[in-house]
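Can you make the complete structure from the sequences, with help from the hints?
Protein chains: 2
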Amino acid sequence: MQRIVVIGGGTGSFTILQGLKKYDIKLSCVVSTADDGGSTGILRSEFGVLPVGDVRRCLLALSDNTGTLNKLFTYRFGEQLSGHSFGNLLLTALQEITGSMESAIREAEKILKTRGKVLPVTFDDVKLFAELETGAIVKGETNIDVPKHNGDIPIKRVFLEKKAYAYHKAIEAIHNADVIVIGPGDLYTSIIPNLLVEGISEAIINSSAKKVFICNLMTKYGETNDYAVQDFYNKITEYLGKPCVDHVLYNTNSIPKELLLKYAEKKQFPVKFDKTKKITGTVEFIGDDFVNVTDIARHHSEKLARKIMGLG
Amino acid sequence: MQRIVVIGGGTGSFTILQGLKKYDIKLSCVVSTADDGGSTGILRSEFGVLPVGDVRRCLLALSDNTGTLNKLFTYRFGEQLSGHSFGNLLLTALQEITGSMESAIREAEKILKTRGKVLPVTFDDVKLFAELETGAIVKGETNIDVPKHNGDIPIKRVFLEKKAYAYHKAIEAIHNADVIVIGPGDLYTSIIPNLLVEGISEAIINSSAKKVFICNLMTKYGETNDYAVQDFYNKITEYLGKPCVDHVLYNTNSIPKELLLKYAEKKQFPVKFDKTKKITGTVEFIGDDFVNVTDIARHHSEKLARKIMGLG
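Residue numbers (our numbering), protein chains in the order written: chain A, 1 to 312; chain B, 1001 to 1312.
Since the hints were derived computationally from the structure, they do not count as laboratory data. The structure presented is a predicted model; accordingly, all values stated were derived computationally and were not measured. Treat the hints with care, since some could be wrong.
[As the list claims (entries may be wrong)] Quick list of in silico lysine-lysine cross-link-like pairs, DSS-like style, CA-CA up to 25 Å:
#, chain 1, residue 1, chain 2, residue 2
1, B, K1071, A, K113
2, B, K1071, A, K117
3, A, K117, A, K303
4, B, K1113, A, K113
5, B, K1110, A, K71
6, A, K235, A, K267
7, B, K1117, A, K71
8, B, K1156, B, K1278
9, B, K1156, B, K1022
10, A, K71, B, K1071
11, A, K110, B, K1110
12, B, K1277, B, K1242
13, A, K113, B, K1156
14, B, K1156, A, K71
15, A, K235, A, K275
16, A, K110, B, K1156
17, B, K1113, A, K110
18, B, K1278, B, K1210
[Unchecked claim] So these bits of chain A aren't anywhere near chain B, every CB distance computed over 10 Å:
#, residue
19, I205
20, C244
21, S254
[Stated by the list, open to error] Computed beta-carbon distance windows for the label pairs:
#, chain 1, residue 1, chain 2, residue 2, range
22, A, K110, B, H1149, 49 to 59 Å
23, B, T1074, A, K113, 18 to 28 Å
24, B, D1289, A, K110, 40 to 50 Å
Even glycine gets a Cβ: it sits at the ideal position worked out from N, Cα and C.
Right, here's the structure in full:
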């Protein structure tokens, strides 16, 4: 049976996992643990538990339980309970009951009947920092994700406050994979934080797996202003430390004008394929219709999954 | 198959349900909804949901799920989350998702694989009031349960702020029962609040079921100071409106002195059988060893259940 590992954490991972879980494969997801905002941030600082938001999202994407437990997991309380997601509270309680995030996730996988494993990239306490082109340092994932006054200044690099070491099962999954899927997701706040953990980039480079990067549909203000497909690829390669991505999937289908206008208000624009840009290494760029347009533009989980399964 | 209904709500119901669920019977529990303290009180006032604490306790007592979900259900968060019980949050979320407490309980029964039904006595919003012998009115279940300065003044009567009507399935269960078990539990704050709901006492009186009252082990300061077994029975009969209890089970086994001293500090004393007291109606008083002594004195679930099942 084919083994596929998805590396990411945010809503992008949710999308691709939902597509891939329909295939008869061994699926796992390596999840960033840099999140420090919202419900997750509160639980992280008040309970000292590991970040639960991205883990929850991936568990849910892999869940085969279509009943009430699934609905519960996505339910969000009102302000009275700090807007906590029920799933986050469940993961927090499980961490306290079982004594570890590792056991908590295994229990949640059983409860949700997941078709795959969720593997936090590390159990070390990580804090994500960004250095801007001006030299200024932005501290914390949320402050990078939602820029305050520095959205126009490009990010020079992101790094972890202190070294963190990879979860051995994440390394194992990458090592044994037939396909490694990087992304889709916010470049500096969801994808690269995984590559910053000691052992991960090395494991990807050394794995004999086919490596696929799924490029973002839209640029993200404050993170990837004006980035082309090639810029995304180059950054991933830079943080991996060596060119090793075999295929880059990027969307070529158009997005309706009204929707583009909405995005433009948030200074977000479609990611273009720009042949004039130099790239490092050799890689196959595959442009195709990968978009699913509703009131927002998201990757199309089935189309992406079908393409990945067909790369064989 | 024999149908048994337990009427109560608090930890006493938890005990008797745990004993009875081991028998091959149709078991249900009619639960008071007067609770307005602690985690339940906060959720009740902030989310406008029905009280969940006693429902949670009975669901757990009936649960056949011995795994993590059971542990989760009893888990209590720290002060950061107002000391909420995870089970209470789950029931609150289920009420919001399913749109009703009724559906929420049915879903929770499935999740916990309960061996029996939990039936709130009413879905109306109830508030319990007590009139003391001095004429003073104490408002709210928690204020009656944990008296402030009035613990020495006897309760003259308890009543609901406004009329509440019984849940039709609670009436049905009482109507169809072979045995109705009233108690054990705090007389004025767990047991009688059920009898104050329109339709319940009448249903009990008119049911052809055998009616058993399980008398408390200890008096409760501020509620049942100096009460003998006969006083408990008389009060139950008074609130039922007519003598109809067939058997009263009371404990005759002794409680260790050290433990009695601890209880005495809280002005709680063993409930005595007092032949000199007059009773209304005819009833069989059955004294036996029904106590389970640990660091506290509780009813013994197996001994109680065995006696009830043997009442023929």
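Status of the hints after comparison with the structure:
no. : hint                             : verdict
1   : K1071(B) <-> K113(A)             : holds (18 Å)
2   : K1071(B) <-> K117(A)             : holds (23 Å)
3   : K117(A) <-> K303(A)              : holds (22 Å)
4   : K1113(B) <-> K113(A)             : holds (17 Å)
5   : K1110(B) <-> K71(A)              : holds (14 Å)
6   : K235(A) <-> K267(A)              : holds (21 Å)
7   : K1117(B) <-> K71(A)              : holds (23 Å)
8   : K1156(B) <-> K1278(B)            : holds (18 Å)
9   : K1156(B) <-> K1022(B)            : violated (39 Å)
10  : K71(A) <-> K1071(B)              : holds (20 Å)
11  : K110(A) <-> K1110(B)             : holds (16 Å)
12  : K1277(B) <-> K1242(B)            : holds (18 Å)
13  : K113(A) <-> K1156(B)             : violated (54 Å)
14  : K1156(B) <-> K71(A)              : violated (47 Å)
15  : K235(A) <-> K275(A)              : holds (16 Å)
16  : K110(A) <-> K1156(B)             : violated (53 Å)
17  : K1113(B) <-> K110(A)             : holds (16 Å)
18  : K1278(B) <-> K1210(B)            : holds (23 Å)
19  : I205                             : holds (38 Å)
20  : C244                             : holds (40 Å)
21  : S254                             : holds (38 Å)
22  : K110(A) <-> H1149(B): 49 to 59 Å : holds (51 Å)
23  : T1074(B) <-> K113(A): 18 to 28 Å : holds (23 Å)
24  : D1289(B) <-> K110(A): 40 to 50 Å : holds (41 Å)
Figure legend: structure checked against the earlier numbered hints; hints not met, in rising order: 9, 13, 14, 16.
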